[in-house]
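Based on the provided sequences and hints, a complete structural model is requested.
Protein chains in written order, with UniProt numbering: chain A, 1 to 371; chain B, 1 to 371; chain C, 1 to 371; chain D, 1 to 371.
Heads up, none of these hints are tricks.
Same chains, same names: a pair is fine if it fits in one copy or spans any two.
Here are the simulated DSSO-like pairs of lysine-lysine, each with C-alpha atoms no more than 27 Å apart in a straight line:
(1) 273 to 248
(2) 224 to 102
(3) 52 to 102
(4) 281 to 52
(5) 248 to 281
Honestly, the hints are just simulated from the structure, not real lab data.
Number of protein chains: 4
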Amino acid sequence: MEKIPVGILGATGMVGQQYIALLANHPWFEVRYVAASPRSAGKLYSEAVGGKWNATRGDLGGTSRLDAASLIVEDANDVTKAAAAVKRGDCAFVFSALEMGKDEITALEDSYAAAGIPVVSNASANRWTSDVPMLIAEVNPGHADIIPLQKKNRGWDKGFIAVKPNCSIQSYMTPLWALLQAGYGVQRIIVSTLQAVSGGGYPGVPSLDIVDNVVPYIGGEEEKTEQEPLKILGSIQGNSFVNAPGPKISAHCNRVPVIDGHTACVSLEFGAKKPSIDEIKRIWTDFRALPQELDLPMAPNQPIIIREEPNRPQPRKDRDAEKGMAVSIGRLRPCNVFDIRFVAVSHNTVRGAAGGGILNAELLKAKGYLG
Amino acid sequence: MEKIPVGILGATGMVGQQYIALLANHPWFEVRYVAASPRSAGKLYSEAVGGKWNATRGDLGGTSRLDAASLIVEDANDVTKAAAAVKRGDCAFVFSALEMGKDEITALEDSYAAAGIPVVSNASANRWTSDVPMLIAEVNPGHADIIPLQKKNRGWDKGFIAVKPNCSIQSYMTPLWALLQAGYGVQRIIVSTLQAVSGGGYPGVPSLDIVDNVVPYIGGEEEKTEQEPLKILGSIQGNSFVNAPGPKISAHCNRVPVIDGHTACVSLEFGAKKPSIDEIKRIWTDFRALPQELDLPMAPNQPIIIREEPNRPQPRKDRDAEKGMAVSIGRLRPCNVFDIRFVAVSHNTVRGAAGGGILNAELLKAKGYLG
Amino acid sequence: MEKIPVGILGATGMVGQQYIALLANHPWFEVRYVAASPRSAGKLYSEAVGGKWNATRGDLGGTSRLDAASLIVEDANDVTKAAAAVKRGDCAFVFSALEMGKDEITALEDSYAAAGIPVVSNASANRWTSDVPMLIAEVNPGHADIIPLQKKNRGWDKGFIAVKPNCSIQSYMTPLWALLQAGYGVQRIIVSTLQAVSGGGYPGVPSLDIVDNVVPYIGGEEEKTEQEPLKILGSIQGNSFVNAPGPKISAHCNRVPVIDGHTACVSLEFGAKKPSIDEIKRIWTDFRALPQELDLPMAPNQPIIIREEPNRPQPRKDRDAEKGMAVSIGRLRPCNVFDIRFVAVSHNTVRGAAGGGILNAELLKAKGYLG
Amino acid sequence: MEKIPVGILGATGMVGQQYIALLANHPWFEVRYVAASPRSAGKLYSEAVGGKWNATRGDLGGTSRLDAASLIVEDANDVTKAAAAVKRGDCAFVFSALEMGKDEITALEDSYAAAGIPVVSNASANRWTSDVPMLIAEVNPGHADIIPLQKKNRGWDKGFIAVKPNCSIQSYMTPLWALLQAGYGVQRIIVSTLQAVSGGGYPGVPSLDIVDNVVPYIGGEEEKTEQEPLKILGSIQGNSFVNAPGPKISAHCNRVPVIDGHTACVSLEFGAKKPSIDEIKRIWTDFRALPQELDLPMAPNQPIIIREEPNRPQPRKDRDAEKGMAVSIGRLRPCNVFDIRFVAVSHNTVRGAAGGGILNAELLKAKGYLG
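Pasting the structure below:
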């Protein structure tokens with residue numbers, strides 16, 4: 001099978017780099033178009049990222065060894081250029097890892113879609129756009145089915161926008177979903193996250209703020225952590241999404257001196273029906289969803305991994321489980337205040353960013369939305 | 001005034017070092033007796049701690065500059081030696097920073113007390129002994145008044161045991177107490193702590209476990225964090241303490257790569273009567289207690305400091321507030337699930353260990369229990 | 001004695017903050033004028049640095065408690081404002097901790113001096129200006145005596161410029177000077193530095209570059225490390241400085257995940273006359289210089305501290321020796337290739353920046369150059 | 001081809017874990033025998049390492065997924081057990097990653113060899129045994145040819161001992177050898193290393209010593225760094241090795257807060273014949289040796305990788321180059337004091353430990369010494 005040519009917007013940023021690294025040797029997709037800020041435009045990709053390469057994978061001996069190394073970086077604001085790439089067969093759709101203001105990203109992603117280029121986005125700008133699906137492939141793959149409506153709403157022919165949620169919720173949304181799906185309603189969640197510095201992009205978090213320190217604040221992160229799950233658990237009604245009524249979530253988001261891997265300490269209150277600890281372990285261990293059924297290349301075989309050691313999961317030791325795409329859970333035990341509590345770890349720039357975006361694209365491809 | 005000679009048990013450990021450092025130039029107390037494991041016994045204190053000195057303060061140019069540097073380390077198991085030191089006027093009471101098994105510490109602290117030597121302890125061994133007060137000087141100074149009963153119970157003449165609680169609760173017990181005292185009952189608390197490595201002693205946490213990592217588990221810590229507040233908020237009934245009935249606390253305790261300073265993310269549910277955010281700030285800012293009234297040397301002038309910056313408190317930047325004896329609080333805001341949430345930081349080896357122990361001794365002295 | 005009012009240029013940066021912190025309660029100087037970029041101008045100092053406060057000292061409970069908290073930040077480019085402050089008695093001279101391009105700093109420092117305001121600078125811009133002294137108070141205090149010539153060269157009445165060298169050389173320049181002064185010529189030095197992130201200012205080094213990592217490169221640092229010693233060891237000839245002919249220095253400068261404190265691993269080759277290890281220890285231990293004779297407030301009593309433990313000095317444990325103004329040296333031993341090798345640590349933002357600048361100002365005051 | 005069954009002594013330690021991880025899916029070798037301290041003996045391997053797993057690779061979702069997980073750990077002191085394993089076809093030779101005193105290791109490795117079991121060792125105990133080869137597969141593969149003599153010396157039939165050198169020299173020995181082989185003699189080297197904490201084993205370096213700190217001392221490391229190269233560059237004369245006369249090496253060994261990857265800052269003086277910078281780059285880029293010719297499974301395709309970015313190599317970003325088996329070099333430039341200087345990074349627990357040991361075993365197999 002010939003590979004599908006893809007583009008990456010924001011290709012030189014932290015998440016953009018991760019896309020480049022993860023798409024090297026991808027069985028379906030091939031990066032043939034990279035775009036970033038005007039400052040990087042015109043440079044070789046390998047030069048543009050030079051000493052700033054921070055992706056976990058790839059670059060094992062030099063960015064010049066990357067598949068995308070010899071691509072010329074284009075200006076991400078130049079949609080005409082991208083349209084020309086589409087025309088000459090170098091770009092079937094784009095991954096958006098843009099790092100700009102919300103309004104600029106919204107406008108730019110819209111322009112790409114309007115120009116006939118599907119946008120699979122990591123950016124938060126369009127997450128609350130009413131007809132844009134916010135996808136976690138294992139949780140709400142059906143939300144992709146709003147795409148025809150979205151196209152119709154906008155008068156777009158081939159282009160559309162699909163987004164993924166914030167990295168901070170990846171570690172507990174799939175486990176939460178598995179419980180809901182097994183028939184156990186969840187009323188309330190109080191979660192504290194210990195988030196890696198790569199989540200802040202590059203240059204991102206200054207070392208003076210994080211060596212021998214933690215920062216108990218990440219701008220906008222708690223709101224996202226509390227609200228995005230409601231859309232993901234919501235439903236399509238008419239032309240747009242309607243939020244689920246619950247669960248109620250309270251989040252404390254902390255930055256910690258960890259390179260990759262977000263950790264979440266979760267206390268959770270069920271509704272009237274309460275599973276036993278053993279039942280929960282069984283539900284999580286057995287959980288499989290559409291990406292596993294479709295055997296999508298980026299899908300983890302085991303989406304939720306239970307760790308029985310008392311001191312796991314830990315970000316450095318568990319972030320890479322299942323190529324960085326699984327959630328590792330441990331310390332599942334009764335909560336003194338709610339019903340249960342546990343610790344969950346997932347890789348924020350793989351599962352929580354580029355890897356999740358790629359899995360979304362694979363899902364959209366399998367569902368026929370990417371041609 | 002002539003200084004009171006004091007001894008330190010476990011003087012070469014992490015907390016013992018902190019005692020030595022904090023008692024240098026103390027206006028009331030003077031370290032004249034140091035005891036540790038048989039391995040250290042017979043050495044000069046400066047040699048025994050040599051390359052293992054990890055206290056935050058003191059040693060600014062060499063442990064040989066410490067007041068205690070030229071003391072010979074005694075065997076902490078040798079109570080007879082200590083009794084001789086008492087006799088010759090070198091030790092009026094001891095601070096216990098022993099690092100041994102629970103049973104060994106209980107037995108050893110009992111032996112010291114039985115030998116007529118008051119024990120002001122940091123160790124957890126005697127915290128749940130029914131007639132031993134677990135003191136936070138600003139919160140339950142009245143609990144010290146069980147001491148005459150304790151002496152009577154045990155048939156001890158001059159000796160007694162008083163302890164302090166675990167470092168993990170220091171950052172929120174004083175604020176909690178201030179709210180209770182102002183008439184606002186508290187039902188439930190869910191807290192996640194991000195605790196410094198110095199809390200694990202030395203050698204303690206291996207660097208392989210904590211560089212680029214967090215460990216979401218500290219053995220025994222969550223139980224202490226959940227239960228000790230109930231004794232502290234309890235009351236003397238007859239010969240012993242009876243726990244307060246609440247609040248219910250659920251704790252997630254994490255180790256993070258921070259040298260000193262424990263951070264707590266707290267979600268709190270009041271009873272029927274709920275103060276406003278402004279009212280809480282006023283209560284905390286105005287809070288003063290017996291240590292402040294007595295102007296005890298180690299007491300912070302401002303026990304609770306409110307920070308208004310969005311990203312504070314932080315352990316490295318706030319742990320030293322009020323000589324490491326204050327609690328710094330920030331991010332006070334409504335909780336999505338309970339009533340309020342906030343972040344609190346305190347210095348675990350100062351306020352949470354040696355500094356808290358010294359303040360307890362000052363309180364006991366002021367109350368007349370140390371002769 | 002009434003305190004001398006001083007100003008700080010670049011007051012909100014990393015080094016500027018350190019000046020504010022170190023000058024709180026200074027016996028001679030009082031900060032009455034603070035200036036920074038136009039972005040900060042007009043704000044209260046406490047607000048301007050708000051969540052960005054990174055100085056090691058001060059702020060123990062809030063920047064609002066700083067002496068300088070309630071000063072309004074001025075625009076550092078506005079020399080007229082500063083001249084007005086001089087006129088009204090709020091500024092006798094300025095410390096320059098400007099963070100701009102070299103040419104801008106040179107021009108701005110010149111403007112202040114031309115306006116009659118002495119400039120005691122940390123910036124590198126004027127270090128190689130031929131009639132500007134580059135002072136380490138213990139090493140070349142006599143270089144201050146070029147100031148009358150400088151004034152004459154420039155036609156300046158009261159203003160002048162004096163600078164300090166780069167922080168990377170602080171840890172070995174005083175020991176080197178002590179050896180030279182004792183009559184032991186030094187031919188060659190190969191030094192590797194392990195430098196703290198605070199040396200890069202704020203935001204400075206991104207955490208993604210330094211957590212679980214070192215960066216073996218700091219732009220321009222090796223050149224400074226190799227060349228500045230030659231001016232410091234040089235002499236005034238006619239109107240300007242002439243470099244010393246040696247020693248030859250080769251520097252490898254590395255950034256490491258340490259907040260404060262630069263470490264240098266030094267291999268050193270003497271000339272024909274070679275002291276014994278014991279002789280060197282004696283020379284360093286006994287070393288005193290003009291700042292000690294004059295008993296300047298910021299001067300360390302013991303400028304060079306010898307540590308005998310096998311694993312010292314270490315930046316976190318030794319940077320604060322003598323209020324951060326001493327150099328701590330350990331591991332003095334024969335070198336397999338040159339004559340001796342040793343490890344030296346000094347505090348880069350105290351001794352190596354603001355503290356060194358204050359000591360220079362004290363020296364200039366004692367010598368009568370600051371009125 | 002049927003895989004060769006191998007055993008690992010010290011299998012639960014840091015290096016032992018790395019052997020287990022790297023041998024998973026090895027094309028030639030299969031771990032069928034694991035031995036460790038009596039404390040671990042009798043446990044399942046997955047349980048014995050449980051919460052202490054620190055190897056970089058493997059364990060992506062649980063140690064229970066490792067090939068070796070279900071092996072029972074044996075007592076490494078019990079050579080009879082190992083001999084029985086050999087007899088039943090479960091162990092053709094052993095990798096020794098023993099962590100004991102030097103004399104114990106020497107005696108134990110001798111016992112294994114005497115019992116007919118070849119020992120490919122990481123331990124330092126036998127490095128200076130006169131008839132034991134200390135191998136870097138790319139540098140001195142010919143030293144393996146002492147093995148028949150060694151067997152004869154000891155009266156051993158099938159067993160023998162081969163060792164690898166210390167991890168601290170891996171990053172510059174291959175580059176040094178490439179220069180020597182190209183005809184450029186090297187007189188003197190001064191090197192400062194910045195070494196990862198994994199080099200200290202587990203629990204190893206306490207976090208209190210290394211967070212916000214560096215430790216400029218590693219016991220015994222500088223001696224190894226200075227002396228081992230001379231044996232490696234030496235020759236077989238008669239029954240034993242004779243050291244090369246040079247180069248003279250002076251090493252400063254530092255521990256830094258990095259998990260994996262040793263960095264070396266090297267200043268090097270050639271003899272009379274001095275290559276240009278470009279010539280050196282060519283020599284290093286083109287360097288290939290016997291492991292590459294034999295296409296050994298663990299051999300890096302490109303043993304020495306030149307990085308042109310100004311700030312590379314860095315341990316976190318470059319340690320994994322060529323599966324952790326390459327040396328990455330950057331900042332090659334003239335030295336102010338010697339001829340050239342450069343920075344080299346290699347992975348200390350892969351290339352510098354288990355990976356290097358496996359490559360040695362592959363070499364020995366290819367040469368016919370492992371049956």
